[in-house]
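Q: So the chains spell out like this:
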Amino acid sequence: MYQGIRIAGFGGQGVVSAGILLAQAGVENKLNASWLPSYGPEMRGGTANCSVVVSDGEVYTPIVSAPQTVIVMNEPSLPKFEPMLKKGGLLILNSSLINSRPTRTDIKTVCVPCNEIAQKLGMDRIANLVALGAFVKLTGAVTLESVADAMKKVYKRAKPEMLELNKKALKAGFDAVE
Amino acid sequence: MTQKTLRKGNEALAEGAIRAGVRFFAGYPITPQNEVPEYMSAHIADAGGAFVQAESEVAAINMVYGAAATGTRSMTSSSSPGVSLKQEGITYLASADLPCLIVNVMRGGPGLGSISGAQGDYFQATRGGGNGDYHVIVLAPNSVEELGNFPKLAFDLAEKYRMPAMILADGILGQMMESMAFNFDPVDPNKLGKFDWAVDIHKNGRGKRNVFSYKGDNLIADVVDRAKRYGLVEETEQRFEERNCEDADVILVAYGLSSRACLEAVNHAKEQGLKVGLFRPITLWPFPSKRLAQLTDKAKGILVVEQSLGQLVQDVKLAVGDKTPVGLNAYPAGGQPDGAQILTAARSLLSGGKEGLFSLQEHAKGFTYDCRRDLALGVQGDNKGANK
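Taken in sequence, the protein lines are chains X and W. Quick note, the first sequence lines up with residues 1 to 178 if you use our numbering. Quick note, the second sequence lines up with residues 1001 to 1388 if you use our numbering.
So here's chain X without its partners, still in its complex pose (with noise of 0.2 angstroms):
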């Protein structure tokens, strides 16, 4: 198992920290994962995004240029991101924010209502952890309770009723996708 993976949206929408939480999550599962926020040139052009490698043997470049998986979060993301994916790749699409549909056909669109998800639950912070359920039920890369566990770790000042409510967010995205 190898999984190069993008995901990306605006500053603030949590792409950064959805990155380091599913990194972690790999750590969980025994796995081997690298972590790369943008960084550099790529910076420029409203959108935050980082690189996420997870992998059961060794782990490449943490610079991931051909994703398998590609999350965007916010409507200039996608024209950005969609280009690089792998052939077959799946593409998580934040269908609240973005109404445009990616051109391409030789890849696997899931469109996931992340803020409308997260809304629903009381706060729409935490829509990035509905993508990443999501994206734990379609890929399978890490288990859902291995990023739960991860929570602890990389928000370690975080509040357990705060806790509680993004584990939720993570189900409600793992429960809204086939």
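Just so you know, the hints here were simulated from the structure itself, not pulled from any lab data. Predicted model, so just to flag it, every value in this text is computed and none were measured. Be aware that a few hints might be false.
Straight-line Cα separation of at most 27 angstroms, BS3-like style, residue types lysine-lysine; simulated pairs [as the list claims (entries may be wrong)]: (1) X:K153 x W:K1004; (2) X:K171 x X:K152; (3) W:K1228 x W:K1290; (4) X:K86 x W:K1275; (5) X:K137 x W:K1004; (6) X:K86 x W:K1270; (7) W:K1275 x W:K1298; (8) X:K30 x W:K1004; (9) W:K1365 x X:K152; (10) X:K153 x X:K137; (11) X:K108 x X:K171; (12) W:K1160 x W:K1203; (13) W:K1323 x W:K1298; (14) W:K1290 x W:K1317; (15) W:K1208 x W:K1275; (16) W:K1275 x X:K87; (17) W:K1160 x X:K87; (18) X:K167 x W:K1004.
Here are a few chain W residues that face chain X, going by a calculated C-beta distance under 10 angstroms [unchecked claim]: (19) Q1003; (20) T1005; (21) S1143; (22) I1172; (23) Q1175; (24) E1178; (25) V1223; (26) A1261; (27) L1263; (28) E1264; (29) V1266; (30) K1270; (31) Q1272; (32) L1274; (33) D1338; (34) G1339.
Note that beta-carbon positions come from the ideal geometry of N, C-alpha and C, so glycine has one too.
Given the coordinates of chain X, assemble chain W onto it according to the supplied hints.
A: This is chain W only, laid out in the frame that chain X set:
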């Protein structure tokens, strides 16, 4: 197996340095290595050490100079332009025969450059960026795990040969997080043997000691004498990693982050029926030329992959000589090496093509330049490097 933890490269480096017994750190902020002093400022005091945010890079390296003279495991870290400023201090440390650790988390250059990860300081690190005949031991980690474990190795070597050591990393290694484990038990510096040269506390009737950077009477003898230790280092400390090199048609040579992109290329080459291996220098000085020279007898070509414009390739050519064609796949000034591009270059090298290969001669073909004219160079840079 030790459970691995997820750590940021710069933080793994700082934690690894404390575990290696570093008890003095001086530095001055610069991206992309800021997490190193940040971590040190929070944790080195708990280990009984001292952290100083100096007023400049020059001050920081000279504080290390003083602390190293006492035999304390001392270090500084910075990024490319900051390391340029430290060169005077480094050459003095070398002339005073003092072990210490200098970390360069490289960024784009020359000059102020950019904050992107890069490898443009290879010459500076391996040729001596300061004046005079001297060397520093240069270690090139390619993972967060090595970033965490190399401070220990650096001090063991630096103290053994009484010379400064450098860890040459880059912005991406420093900024990335990765699962890693430390491969050594924490060092208690109080249990390390004392040096007979250190200007530590003058007691128990020991004689007077001085540390000199200039001994005044016979410089030639000093320099020639020191070179014996350099020879010993070259003879015994060449370190490298090799993958699938024995039966490779093309051997990739790369260090640090570039070597990670090469791993991807090696893996994909297998799927495509190409025989590609990877030779990764871990010590850049001493350069592992002995083994590389052996390996290249059978290979049809050597492809150097570097995030600079033809620096590492010079050491490779020195090691290989005329035996095997050497090509260059270059990503200078913050470009990011890419597995697919590397394979394209490897194919070109085998077929005599040009795609993916860089050479100054080819690059300048048809180019004319009038220094008195306001000349629009018209070259558009991109993130993918300099290759055709």
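Q: None of the hints should be skipped; say for each whether it holds.
A: Structure-based check of all given hints:
no.	hint	verdict
1	X:K153 x W:K1004	holds (13 angstroms)
2	X:K171 x X:K152	holds (16 angstroms)
3	W:K1228 x W:K1290	holds (19 angstroms)
4	X:K86 x W:K1275	holds (23 angstroms)
5	X:K137 x W:K1004	holds (25 angstroms)
6	X:K86 x W:K1270	holds (18 angstroms)
7	W:K1275 x W:K1298	holds (12 angstroms)
8	X:K30 x W:K1004	holds (8 angstroms)
9	W:K1365 x X:K152	violated (58 angstroms)
10	X:K153 x X:K137	holds (22 angstroms)
11	X:K108 x X:K171	holds (22 angstroms)
12	W:K1160 x W:K1203	holds (25 angstroms)
13	W:K1323 x W:K1298	holds (10 angstroms)
14	W:K1290 x W:K1317	holds (12 angstroms)
15	W:K1208 x W:K1275	violated (62 angstroms)
16	W:K1275 x X:K87	holds (24 angstroms)
17	W:K1160 x X:K87	violated (53 angstroms)
18	X:K167 x W:K1004	holds (24 angstroms)
19	Q1003	holds (8 angstroms)
20	T1005	holds (7 angstroms)
21	S1143	holds (8 angstroms)
22	I1172	holds (6 angstroms)
23	Q1175	holds (6 angstroms)
24	E1178	holds (4 angstroms)
25	V1223	violated (41 angstroms)
26	A1261	holds (5 angstroms)
27	L1263	holds (4 angstroms)
28	E1264	holds (4 angstroms)
29	V1266	holds (9 angstroms)
30	K1270	violated (13 angstroms)
31	Q1272	violated (15 angstroms)
32	L1274	violated (16 angstroms)
33	D1338	holds (5 angstroms)
34	G1339	holds (7 angstroms)
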